[in-house]
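Asks: Now for the letters of each chain:
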Amino acid sequence: MSALLTDDQRMLVDSVAAFMADEGAIARQLRHWRDSGCKDGFGHALWKQFAELGLTGILIPEPQGGAGLGQAEAGLVLEEIGRNLTPSPFLTTAVVAVRALDGSVQAERWFPGIAAGDTVAALAIDEGSSHDPAATALRAERQGNGFVLDGAKQFVVHGASADVILVAARTGGSPGEHDGITLFAVERGAAGLEVENVTLADSSKAARLTFARMAVDGDAVVGEVDGGWAPLSRALAAGRAGAAAELTGVAAGASAMTLDYLKQRKQFGRLIGEFQALQHRAAHLYGEIKIARAAARKAARLLDSGAAEAELMVAVAKAKAGSAARLAVQEGVQMHGGIGMTDEHDIGLYMKRQAVLDELFGGPRFHAAEVARLSGY
Amino acid sequence: MTDLETFRSETRAWLEANCPAEMRAPMRGENDICWGGRNWQFQSDAQRRWLQAMAARGWTVPDWPSDYGGGGLSPAEAKVLKEEMAATGARPPLTSFGISMLGPALLKYGSEEQKRRFLPEIARGEIRWCQGYSEPGAGSDLAGLQTKAEDRGDHWLVNGQKVWTSYADEADWIFCLVRTSSESKHGGISFLLFEMASPGVSTKPILLISGNSPFCETFFDDVKVPKDQVVGEVNRGWDVAKYLLGHEREMISGMGLGGQGSLGAAVAPVADPLLRAEIAAFDVDSLAFAAMSEQFLDELKAGAAHPAMPSLMKYAGTELNKRRHELVMAAGGSDTLEWDSERSGGGKAAREWLRTKANSIEGGTSEIQLGIVAKHILGLPGA
Chain A
88 MSALLTDDQR MLVDSVAAFM ADEGAIARQL RHWRDSGCKD GFGHALWKQF
138 AELGLTGILI PEPQGGAGLG QAEAGLVLEE IGRNLTPSPF LTTAVVAVRA
188 LDGSVQAERW FPGIAAGDTV AALAIDEGSS HDPAATALRA ERQGNGFVLD
238 GAKQFVVHGA SADVILVAAR TGGSPGEHDG ITLFAVERGA AGLEVENVTL
288 ADSSKAARLT FARMAVDGDA VVGEVDGGWA PLSRALAAGR AGAAAELTGV
338 AAGASAMTLD YLKQRKQFGR LIGEFQALQH RAAHLYGEIK IARAAARKAA
388 RLLDSGAAEA ELMVAVAKAK AGSAARLAVQ EGVQMHGGIG MTDEHDIGLY
438 MKRQAVLDEL FGGPRFHAAE VARLSGY
Chain B
56 MTDLETFRSE TRAWLEANCP AEMRAPMRGE NDICWGGRNW QFQSDAQRRW
106 LQAMAARGWT VPDWPSDYGG GGLSPAEAKV LKEEMAATGA RPPLTSFGIS
156 MLGPALLKYG SEEQKRRFLP EIARGEIRWC QGYSEPGAGS DLAGLQTKAE
206 DRGDHWLVNG QKVWTSYADE ADWIFCLVRT SSESKHGGIS FLLFEMASPG
256 VSTKPILLIS GNSPFCETFF DDVKVPKDQV VGEVNRGWDV AKYLLGHERE
306 MISGMGLGGQ GSLGAAVAPV ADPLLRAEIA AFDVDSLAFA AMSEQFLDEL
356 KAGAAHPAMP SLMKYAGTEL NKRRHELVMA AGGSDTLEWD SERSGGGKAA
406 REWLRTKANS IEGGTSEIQL GIVAKHILGL PGA
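Chains as they are written, first to last, in this note's numbering: chain A, 88 to 464; chain B, 56 to 438.
Don't take every hint at face value.
[What the hints assert, rightly or not] Cross-link-like lysine-lysine pairs, in silico, BS3-like; alpha carbons within 30 Å at most: (1) B/163 <-> B/356; (2) B/240 <-> A/350; (3) B/377 <-> B/240; (4) A/353 <-> B/430; (5) A/350 <-> B/297; (6) B/377 <-> B/279; (7) B/279 <-> B/259; (8) B/240 <-> B/259; (9) A/350 <-> B/430; (10) B/377 <-> B/430; (11) B/240 <-> B/282; (12) B/377 <-> B/356.
[As the list claims (entries may be wrong)] Facing chain A, from chain B, some residues (calculated, C-beta under 7 Å): (13) 85; (14) 88; (15) 343; (16) 357; (17) 425; (18) 428.
Derived from the structure by calculation, the hints contain no laboratory data.
Think of the CB as a built atom: it goes at the ideal place given N, C-alpha and C, for glycine as much as any other residue.
The whole structure should be built from the sequences, with the hints applied where relevant.
Replies: So, in C-alpha cells, the structure goes:
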C-alpha cells in the first residue's frame, strides 16, 4: 500500500482545491455567513454545489447513488476545506453520518437526500465538556414499540440545522461501558427535543440538545439495540480521521499565509524571513505539518483497507494533527505580529477553527491516552 | 498470481530456508551489527553464513544493478524483500558506509571502472569504508576544509587532518574530501578514495562522553594517492559530497525509527501519571513520524522526493530519538544511572542515551538541517 497519491486522487485534489479556493474562499463563505448572522453558519447553495461535484455522496456506495470512494478521498477533500476554512456540513454529514448509517435500514431513508445535497446530519455524542463516548448516560427506555429519550447533549455540530441527528443513548449497561449503547436517528422537529443553537469561537454552530421524555419509534434504531457501539465507533473513526485531515489543511493554510508574510514584511531594514530565529521555527513547523499529514493519510488508508492497526493510527493522526495545527496557528499569529491580532486579517480565523476541530471527537490528550490503551500500557 | 506475488512467496521460502535462526533474534547491541571488511571478526558462524547467502544473491544491496554485485531488484521487489525480511525477523546481513553512503555516490558519479572495481566488494562486505569529511576547523561549515591534495604529476599528495572519522581505526579505505584548489570555497574540493594502509595515514580514537569510541582523529602526512581515485571531476567534489550527505542523513534519520515500537509498552508499567502522559505523547509523535518515513521512502523510490527532504527527516528523526532516550532514562530512574553494574548491562541505557546526543550534531547539526529546509524547501530569503 503506497503512501503516494494515485492519479485519480491527484485529479480529485486538483479539482477540489480549485473549487474550495474559489467558491469556498474565506471572504465568500466564512466571513459572509459570519457577518450576516446566518443561523446555519454555512451556505446551502454551496452544499448543493458540493453535491453537483459528487462530494456529498463521496462515501455512499455506488448502488445507493454515491461515488463509492473511501476515507482517503474524503480526507483529501477535507484538507482543502481546512486550507480555505470553508464552512459546510461535509464532515458531519458526508463522512460521519454516512459511515454510521452505512449498511443499516436507515441508509435508504437518508442517503438520497445526502447525495443530493438536500440533507444535513449531525452526531450527538458528548454530554460533558470533554469528549468521552463510553461515558454516554442519556437514557433510552423502552415504551411500546419505541423508546423514550431523557438527557442532554452538547457540542452537536450543525445540530440546529440538521434534518437528522444521530443520538447515542444508553439502553443498558452503565456509563463507561461500550455495551448497552444504542444509536438513534432522530428527525428534525421531534416533539420533546429542545434545541439551543450555539455559535462557537470559529463562527460555526453547535447545538445543545435537551431530550425531555422524547418518544422515538423502534425503527429509529441504527443497527442493534444495545449494540450501538459498532456503528458509533465506525462513525467516530471516520470523523476523527476526517477531522485530522481537515486540521492538516488548516495548518497548511495558516503556514502558507505566514510564509508569505515572512517573505514580504520588512523590519530593521530586512525581510523578517531572513532572521534565523524565524527560519528555524518555520522549518520545524513545516516538518510537523508534513508528519501530521502523513499520519492522517495513513490512518485514512488503513480505515479503507480495514486493517487492524487503523484504530491506533486514527488516534495518532487526530492527536498529531491537532498538535501540529495548534503550533501552526500559534506561530502564524505570533509571526504576523500585531496585524495577526486584528479581525481584519484572516490568520486569526485559522486559530479559532483549529481550536474547535482539535476538541471535536477528542483532543490530543484523549487520543494520546487511546494510543497508550491500544498499545497495552 | 502476479509476478510480484510470485516474487514474494519465493522470497519468503528462500528466507525461511537460508536465514539462520540466530539471525532472526532481535539485535542486542553494537556487536550484533555486521560491518564486514578485512578487519572484521564474525561474532558467530551464523553471522558469516547469513552475509554470504545474502551477498551471493546481491541482496545486501538489493536495488543495485547486478553487474555491480547488487540484486537488480525493482523498487517494488526491493520493498517486498524488506517486508519479508521484517516478517521473518531477519537481521540486516551487512551494515556499512559503503552501502549507505559511498555506493549511491559511486553509482551516480563514479566512472565505469570505479564502479566495477569498488561496488562488488562493498556488496560482499569485503571492504570497510570510513568517511573523511569533518576537520577540526570545519564542522558544520564543511566546505571550510583545509586538507590539501597536490597534483604531483603521477599521483596526488595528501596532507592534513580529519576528525570524527567513524571507525577509521577499523576501516580499509576512506572516501575523503580534499582541497585541490584554493580559488573558490566550494569549487576547489575533490572527492578522493584511498587505502587506510597507505604510508602516512594514522588514526587516534576519541573517547566520548558515553565511554565508547567509534570516532577517530585521522592524520595524513604526505600520503600518495593514484590519480584515478578521484570520483567525479577534480574540483567538483562538492556535488558528490552533497549527494552523499543526503544518503547519510537518510541513514541517521532511520535511527529515529529502528523498528523500536511503542516506548510505553517497552517501559511499562509506569506508575507516575505525568511521565506516562509524556510517554504517550512521545508514542504519538513517534508513530506519526513512522508514517512520514514510509511516505518519504515511497517518494524516494518514485523519484518524487524533494532533494532537501533528507534534511527534514534527519532533523525530525534524531530529535525524536533523543527524546525517546530521555524518557527511557526517566522511566528507569536510578537503575539506568548505574554505569558499570552487571544489572545495568554495563550502563547500557545510560551509554545509549549519551550516544543519541550526537545524532543532532553528526551529519550536519539540527540547526544546519533547519537552515537547509528554510532556504531550499520554504524559499525563505538570505544567504
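Asks: Can you confirm whether the C-alpha distance between residue 240 of chain B and residue 350 of chain A stays at or below 30 Å?
Replies: Roughly 28 Å separates the two Cα atoms, so the pair holds.
Asks: Would the hint linking residue 353 of chain A and residue 430 of chain B be met if the CA-CA limit is 30 Å?
Replies: 18 Å, holds
Asks: Check the hint pairing residue 377 of chain B with residue 279 of chain B against an upper bound of 30 Å on the C-alpha distance.
Replies: 41 Å, violated
Asks: Does the closest beta carbon of chain A sit nearer than 7 Å to the beta carbon of residue 428 of chain B?
Replies: 4 Å, holds
Asks: Starting from residue 240 of chain B, check that the Cα of residue 282 of chain B is at most 30 Å away, please.
Replies: 22 Å, holds
Asks: Measure nothing beyond the straight line between the CA atoms of residue 279 of chain B and residue 259 of chain B; if it is 30 Å or shorter, mark the hint as holding.
Replies: 20 Å, holds
Asks: Given the proposed pairing of residue 350 of chain A with residue 297 of chain B, does the C-alpha separation stay at or below 30 Å?
Replies: 27 Å, holds
Asks: Just to be careful: measuring from the Cβ of residue 88 of chain B to every Cβ in chain A, is the smallest value less than 7 Å?
Replies: 27 Å, violated
Asks: CA of residue 350 of chain A to CA of residue 430 of chain B, is that 30 Å or under?
Replies: 11 Å, holds
Asks: Taking 7 Å as the limit, does the beta-carbon of residue 343 of chain B come near enough to a beta-carbon in chain A?
Replies: With a closest approach of 4 Å, the residue 343 of chain B hint holds.
Asks: Below or equal to 30 Å on CA atoms is what counts here, so check residue 377 of chain B against residue 240 of chain B.
Replies: 34 Å, violated
Asks: Tell me if the interface restraint on residue 357 of chain B is satisfied: Cβ within less than 7 Å of some Cβ in chain A.
Replies: With a closest approach of 6 Å, the residue 357 of chain B hint holds.
Checked against the numbered hints listed earlier, the structure breaks hints 3, 6, 13, 14; every other hint is satisfied.
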